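Number of protein chains: 2
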Amino acid sequence: MKRIALSCVAAAIVAFTAQAAAPPSPSPADWREVDPQNLVLLDTRYGQVAIELAPEFAPVNAARFKALVRAHFYDGKTFYRVIDGFVAQGGIGEGTAATKDHPKDDATDRLWPTLKAEFDRPVGTDVTFTPLGSPDLFAPEVGHVDGFPVGRDAREGRMWIIHCPGTLAFARDDKPDTASTEFYIVIGEAPRRLDRNLTAFGRVIAGLQYIQKLERGDPDVDAGVIEDVAKQDPILRVQIAADLPAAAQPHFQVMRTESQAFDAKKDEKRNITSTFFFRKPPAILDVCLMPVAVKRSGP
Amino acid sequence: MKRIALSCVAAAIVAFTAQAAAPPSPSPADWREVDPQNLVLLDTRYGQVAIELAPEFAPVNAARFKALVRAHFYDGKTFYRVIDGFVAQGGIGEGTAATKDHPKDDATDRLWPTLKAEFDRPVGTDVTFTPLGSPDLFAPEVGHVDGFPVGRDAREGRMWIIHCPGTLAFARDDKPDTASTEFYIVIGEAPRRLDRNLTAFGRVIAGLQYIQKLERGDPDVDAGVIEDVAKQDPILRVQIAADLPAAAQPHFQVMRTESQAFDAKKDEKRNITSTFFFRKPPAILDVCLMPVAVKRSGP
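Residue numbers (the working numbering), protein chains in the order written: chain Y, 1 to 299; chain H, 1 to 299.
Note that these hints are calculated values from the structure, not bench results.
It should be emphasised that the depicted structure is a prediction, and the values quoted were computed from it without experimental measurement.
Zero decoy hints are in this set.
If chains are identical, the list can't say which one is meant, so a pair holds when it fits in one copy or spans any two.
Lysine to any residue pairs mimicking SDA-like chemistry, simulated, CA-CA at most 20 Å apart:
| hint | residue 1 | residue 2 |
| --- | --- | --- |
| 1 | Lys213 | Pro234 |
| 2 | Lys231 | Tyr210 |
| 3 | Lys175 | Thr273 |
| 4 | Lys213 | Glu189 |
| 5 | Lys266 | Pro219 |
Please take these sequences and the hints and turn them into a complete structure.
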């Protein structure tokens, strides 16, 4: 009885990490090194966030984001619109009440014109889609490509990155082809209605908890924009890992979602055998709840 | 063009608050005052969290939580196990590595013996279940009772509170009837596999963003327990609103989920008409993504 609290913890662990003890252990071949050219390091005051870009899903939008990063566009800007349970939106926030005294200059529009949307892409042979093997309410089929949660419509021959917690996408105006500089990261229950309606081009692979710590706006006031600029959390610095000196580059490996090792993880999560579960849950996977393991090495 | 950023915001607003401009406006009869006897005010260093208890789903467990609150059991304790994307667990954390030098005394076990589980309850006539009207992958039927997200199995004649972000439940040991003092609040994508496996007895109705700010543990180390006690965020104080002087009591109203006003909100969220949506999303509602409006008045 004296161990009840420990047992509580240990038991709850089972519920969370049933997928952690996979038989057999993944081999080196089951891991993919994240290309440092697609690895974004975003510093907040709470810690560093690592994001992998997915140019295979949105080449033009991903390239724009990298160009913005390399131009130090985001450094010193803020997360100006943060809605709990929904998204954290960052960038210049031009035209919002928060920045009404600091209108964007015309040069910004000239430098960073609006982009053609890349809401989805053709199903192709350049990447490997691995079905999740569970039904989904929003897409005909869901699964993974290179660790990204992906929806697929075989009839239409299209696929797209799903809005899960951690998904990175560009905000836009009412018209489709109007994204330019403002981005958001999903921080709440997956807002799947946004799938194929905005251009998603990356996902957070480490440090999402630091985005969760960002100061929130009031969704009922100015759409969640934090009107007191002093309260907006800054984007301290954003860098592409490849631009750092080799010795300063962190390295990330993502489990290959086309591997048998990942298949085994899915089976394990789908078919819960822990005795903690008094009632066996349905053998269902949610694509946004299926963790894709990430390892970090280096500084 | 100079308004692109504002437009971005305004457009994204639409995506988020399409449900906010309901026709017709809810009337006073569409709102239910939260019973101050079931209203818990939990102070963190980031802000106050308001929780509504659901004794109609778990009378014994909800009563225990109130008794613990009134005994000041949680005051000065911590959120000692916080896993990003999953749960924030609070209480004494006895037996964890973090508190290994402070074993629980036997008096705690005698004062707060383990409880019989209340994982679900009979479908009854004392409360009104309103179906969501959308399919669900985990339960035969989902909907709401008094604002709580609820699953129902008509064949078995049972219903239960669903694990959505904000759901409050007791942690337990491996055996079902082992909850005593440790609680958790869901902070990530709904962990539906926990439904009917733990006793859920409340939900956060305001201030979940403060729970999101809590210091996280490393899920790969000691099951997410924050080993450095100094880094654990404290539970500053927990109170039952009814125990405060009348003038100091906040008042919360929750939209009646059995009302036509709520039906209209559901229809509006299900059938998105905003021109922002280039592609009309499937007419699907997720029970954890259907907001139940809350109004606050008083101090």
